[in-house]
Structure formats: C-alpha cells, structure tokens
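Q: Protein chains in written order, with our numbering: chain A, 1 to 260; chain B, 261 to 484; chain C, 485 to 654.
These are calculated hints, taken from the structure and not from any lab test. Just so it is clear, CB atoms sit at the ideal spot from N, CA and C, and this is done for glycine as well. Incorrect hints may appear among the rest.
Below 25 Å or equal to it, Euclidean Cα-Cα: the simulated DSS-like pairs (lysine-lysine) are [unchecked claim]:
hint: 1; chain 1: B; residue 1: Lys380; chain 2: A; residue 2: Lys25
hint: 2; chain 1: B; residue 1: Lys477; chain 2: B; residue 2: Lys380
hint: 3; chain 1: B; residue 1: Lys264; chain 2: A; residue 2: Lys8
hint: 4; chain 1: B; residue 1: Lys379; chain 2: B; residue 2: Lys477
hint: 5; chain 1: C; residue 1: Lys617; chain 2: C; residue 2: Lys568
hint: 6; chain 1: A; residue 1: Lys44; chain 2: B; residue 2: Lys477
hint: 7; chain 1: A; residue 1: Lys25; chain 2: A; residue 2: Lys44
Computed list of chain C residues with no C-beta within reach of chain A, every gap over 12 Å [unchecked claim]:
hint: 8; residue: Leu498
hint: 9; residue: Gln527
hint: 10; residue: Trp553
hint: 11; residue: Glu563
hint: 12; residue: Asp578
hint: 13; residue: Trp596
hint: 14; residue: Pro626
hint: 15; residue: Glu639
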Amino acid sequence: MKKGKGMKFVGDSRISAERNPYIPKDYSEFPGRTEAFWPNYLLKEWLVGSVFLVGFLCLTLAHPSPLEGMADPTNASYIPLPDWYFLFLYELLKYEFASGNWTLMGILVLPGIAFGALFLAPFLDTGPGRRPHQRPVAVGMMLLGLVSVIWLTWSSAAPIDYQARAEQNRPIPPDEQVQVDTSHEGYAIYESNCMSCHGDALQGGGAGPTLIGIDRSAEEIAQIAREGVGSMPPDQFTGTDEELEQLVDFIMTVNEQAQQ
Amino acid sequence: MLQKIYDWIDERVDVTPIWRDIADHEVPEHVNPAHHFSAFVYCFGGLTFFVVVIQILSGMFLTMYYVPDIENAWRSVYYLQTEVAHGQIVRGMHHWGASVVVVMLLLHTCRVFFTGSYKKPRELNWMVGVLLFFVILGLGFTGYLLPWDNKAYFATQVGLEIAQQVPFIGDALRTLLAGDPTIVGAQTLARFFAIHVFFLPAALFALLGIHFILIRKQGISGPL
Amino acid sequence: MSEKKQQVTRRQFLNYTLTGLGGFMAAGMLAPMVRMAIDPVLQESGAGDMANVGLAVEDITNEPQRVDWTITQVDGWYESEVTKSAWVFVNENDEIQAFSPICTHLGCVVSWEGSEEYPDQFFCPCHNGRYYKDGTNVPGTPPTAPLSVYEHSVENGMLYLGQPIPRGEA
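In isolation and in its complexed conformation, chain A is listed as follows (with noise of 0.2 Å):
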C-alpha cells in the first residue's frame, strides 16, 4: 500500500478506493509440488469429506439411534454403563489399586498424570527431533497410554451383550403405558413385595420380566409369588393369604386394563 498523501478512502472511512485487481498467487515457486489451498487443494479435501458424509450418512440410517425406556430412578436391577469413550476411566476404577482407599489413585492421580502429560507434551518432551525414533520415550509412553486406554475399553465393553441390554431396556411406548391403579389395595402390597424386580408400573426390569401380558391364571400368580418360578426364588412374597389375594386380583386387574 502506498503511505502519505494522496490515499483516497471511500467516503469518511478508511477503506481505500484504490481498487487493486486480484492476481491469483503462483506457488510455482515454492519447493515441491506446493498447490493453492483454494480451490486446488480445498476440492481435494471436500472430496474426501462427501465420501465420509456418504458413509456417515449409511451409518445412520443402517443404525437408528438407541433409546432406552425412560429413566426410572427406582430401578434398583439397571447396570450403569457409560458411553464408550468413557469406558476405560470406567474400567480402571474396578481395580484394586484404583479403588477402595485408593479411589483417588483412579479418579485422580492416574488420569491427572495422563492428561497433564498429554498436556504439557511439549514441555517434555524438549528434543529438537520430530522423528518417533528420535523421542523413543516420549513415543513409548504414548505408546503405552494408547495400549492401556484400548485394552481397558476392550475389558470392559468385551463382556458386555448390547444387544441383550438394548432388548432388555426397550421403550414402551408412551400410549403403551399402563395407567397403574395405586389406590388398589394390592399396590402396596406389589410395591413391598414385588416393585424392586417387576418396576413400578408391572413393565418389567433388568432382574425380572414384565407382568403385562402374562398368560397365567389367578391360581398360578399366586403359586408362583409363594414358590418362585424360572430365575425368580420362592418366597418373594412374604404375607398373610389374603394379602396374597390382593396382590393377583391387583396383577389381573391391570393385565385386563392393558388389553382393553
């Protein structure tokens, strides 16, 4: 730009009114097969992005997003489990050095010292040498972080079946859900007796199936809350035959109402 007297701005401002033509850089110059980053390289990398949205976009639609029931914050049998990126800080607490009194090692200490050398990366690692070769400690401990992150995720998520746990904690429709008759007589009983595995609203939980449905008569409701039947133990009810009475005549009721 020129300097001193003689500028011309637009109006008031300071925008020049000198209008210079746009002369596209030459990078013909530079060493190496060096490009313009617009539009020469910008086009080669959008290409690379539409293949990765195409794919992403396959991704979603072979596989709609899960959504379990809704929270039921009394649902005692319900397993946490973490999304996936978190499952190695996750993993970590279930060991002996990072738990019990050591709890502080595994939410605090062990994690501290992995991000706060992630972080101050550079400042360890001071060498002049880019090459992984030239840095072997730097490297290795990266290297070891990396492998210990993969194979705790690898623990933790291996024995886990997504698909049992998506089965099992499938939404029930809102319209679906039954209207339970807490003034029965038989929901305290039920709530006392049987809530903690079958939920609050008979739909079932992580220890126990749901209660809707149920193909059974009076008589076999009643045998299996004294005797159990399947997973389930005997003696789950604990109270006075009338009581009994309650509870299934409550259990019917509702199973009638759901089929209307």
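We have chain A already, so just place chains B and C on it with the hints.
A: Same frame as chain A, but now just chains B and C:
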C-alpha cells in the same frame, strides 16, 4: 448480478482481503494425499472439524423438538424418533457423530503426536488442541444425559459419584454439576442442557478459533 | 454468442467444481434436518373429530347460549385437556348456529349482550368490538371479519361441534 452485489459490499467494507487471507495460502506437497497417499493422515483434523459442523447443525435442529424437562424430555425424544419425519436420522447423526468425532479426534491427536508436530513453535496450539479434546469429552458426557432414558440417568449418576469423590471440593463440585447435593433430577437435566448447549459450545468455538488462527499463522508442520 | 472462444480457465473450473461439491455436502447434511424442521408444516391438518358438547338440540333456543366442553388436545408429545366454548342458537331459518367466541379483532372473548348499551349484539370488552346476531361485525367497530362458525352435526339429538371455520371479510 451477484458480482454487482459483491462489488457494492466490497466498495464499502473491503471484504476481499478478509476472505483472500483465508483462501490464499499454499499447501505443501507432503500433506497432500494426491501426491503421497500416506498423507491421508493429515485429513483427520479436517474431518474432525467436519463432524463438529454436523454436530452443531444437527444439534441446532434437535432443539426444535427437545425439551430439557424430566417429565417431557424422554417423551419429546421418543416423539422425535417415531413421529417426526427424518427425526430418527437427525438424532442418529447427532448420536453417531458424537462417537465419530471422538474417533477422529483420537486419530488426529495421534497424527500430531507421532509426527512430533507439537514441538517448538507449535506448543500453544497443541495445548489448545488438548483443551478441545476435553471440551469434546465434556460435550459427550453432558449430552449423554439429555434423552433422560435409563442409560442416561444411571451413567450420569455414576459420573456424579466420581465427581463427588474428589477431595475437599467433591461435594461442592457435584452440587454445582447436578444442582442438588443428592438428587439427579430436574435441576440436573436443566444444568446439563445449559452446559451442553451454551457453555461448552461457546468454549468450543473460542478454542477452535484460536486453533485455526494459529495453524494459519504458523503454517502446517514441515515434512519429517 | 461472440466469435471469441469462451474459455473456462482451470481456476474457474476448479471453483465451479468446488462450489458444486460444497453444495452437495451442505445438501447431504441439511436435507434430513430441514425435512425434520418443516415436518409440522407438511402435516395434514387433522380434520378434528366432532365432539359432543353436552347440549341437547331441543334445548337450543333463539337466544344465544354459551356452551363449554373439553377435548383432549395432542400437542406433539404433550397431551392435555383444553376447554373450548361456543355461542349456540337457532336462527330465523331454523338452522343451528354455533359461533366461536374469539373476537376476530385481537382474539379476546366476546359474549352475547355483553354490554347493556348494545342489546341483541355480541360484544367484545377489549376494544368495544360488536357483532350482529348473525355473527357479522358491526361496521365501524374494530373487528374486520365475522365470528368464526363451528362445523356442527346432530347425532341422537345431541349437538356435536368440530373446528371453527373463519368467514371472509364482510
């Protein structure tokens, strides 16, 4: 016509230098996959940004249907998934995007680390990048609660328990996050929503801005 | 066309391709989102079911009377009971008329003979809007359109009302 509108604006605001500054810089050969296929590792940063853009857009559209309220949050998500046309896809983009962004970020971090690109003079940009990593993880943690399903509720409870075990400030930290010393409920959801939708994205934008300005100033690290 | 060959430079070509590709990516991202956002606009407006308003046809007189009834309103994921009301009477031609009480001026609620000064008229207390008995607005008062008319039907001697249909300007 378009040219005239552009000229009219340019005469008054002189915008050409602004976008030319972004557009006109050279890309060296060693990061260009067209010349060396192995240079595809340099794409991960751009792809991370791309997924972040997808996340921002899909998130904006999702808030058109979502309500952060324990009575209605799950219902609105369920409604969005089952009743609204393409709601399933948009929520899918946001849900899977959250995972993909972490994967891409990890790959990008590995590329920068193993090429030693964080060394002088790029220390600052590396630290901004690690902060971005934390912000993304924070977004993942707070976003996990929002659908208010069982998975969300119980995972968040565990997360808050962990926060509570921090010495000295644990209880205060948990209350600050959850809005209540013991309950995970209405206040927690409102807080997590605010953090997920306003606070962390604001931090994300600021840090991304610094990240890009620094890259532009310093240029991409040279070949090994 | 000029004789001169219209050459596209390499740079222009790249720019066009870049714009096209950018458009493709933007469209791929935004198409499902925009479709989701405009979904309510594309929903067929459900012709509301007729609701029994709890008024026997034989009880409808020449004098407009107010009826209130509740319907279950489904608003996305939220269901609620809302109260609706209408002014119902039989006009000179023995036709049942059911007017919406919502003033066509600014949405206040009108009432029959709501002002002692104007008998035999619907009156809106907000801005003194007035309507004749047939629902048309009195010229010179704020409203610019007649009161909306409910669709109605009669089943088993009971009055059923549907959606209020706006009438054109009078």
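Q: If a hint holds in the structure, say so; if it doesn't, say that too.
A: Hint check results:
Between lysine 380(B) and lysine 25(A), the direct Cα distance comes to roughly 28 Å. Violation of the 25 Å bound is thereby established for this hinted pair. The suggested pairing of lysine 477(B) with lysine 380(B) holds, with an alpha-carbon distance near 14 Å, which does not exceed 25 Å. Our distance criterion of 25 Å between C-alpha atoms is met by lysine 264(B) and lysine 8(A), whose separation comes to about 22 Å. Distance restraint check for lysine 379(B) and lysine 477(B): the Cα-Cα separation of roughly 15 Å lies within the 25 Å cut-off, and the hinted pair is therefore satisfied.
With a C-alpha separation of about 20 Å, the suggested pair lysine 617(C) and lysine 568(C) falls inside the 25 Å cut-off, and the hint holds. Taken as a hint, the lysine 44(A) and lysine 477(B) pair is honoured in the structure, with Cα atoms around 22 Å apart against an allowance of 25 Å. Among the hinted pairs, lysine 25(A) with lysine 44(A) is consistent with the structure: their alpha-carbon atoms are about 19 Å apart, no more than 25 Å. The claim that leucine 498(C) is not at the interface with chain A is violated, since a C-beta of that chain comes within 12 Å of its own (minimum 4 Å).
With a closest Cβ-Cβ approach of about 18 Å to chain A, glutamine 527(C) is found to remain outside the 12 Å limit, as its non-interface label requires. At the 12 Å boundary, the C-beta of tryptophan 553(C) stays outside the reach of chain A, the nearest C-beta of that chain being 23 Å off. Not every CB of chain A lies more than 12 Å from the CB of glutamate 563(C), the least distance being 9 Å, so the non-interface label is violated. The non-interface label for aspartate 578(C) is consistent with chain A: the shortest C-beta to C-beta separation is roughly 42 Å, beyond 12 Å.
No Cβ of chain A approaches the Cβ of tryptophan 596(C) within 12 Å, the least distance being about 40 Å, so the stated non-interface status holds. Against chain A, the non-interface label of proline 626(C) holds: every CB pair exceeds 12 Å, the least being about 43 Å. With a cut of 12 Å on Cβ distances, glutamate 639(C) stays outside the contact zone with chain A, its closest approach being about 24 Å.
Against the hints set out earlier in the document, violations occur for numbers 1, 8 and 11.
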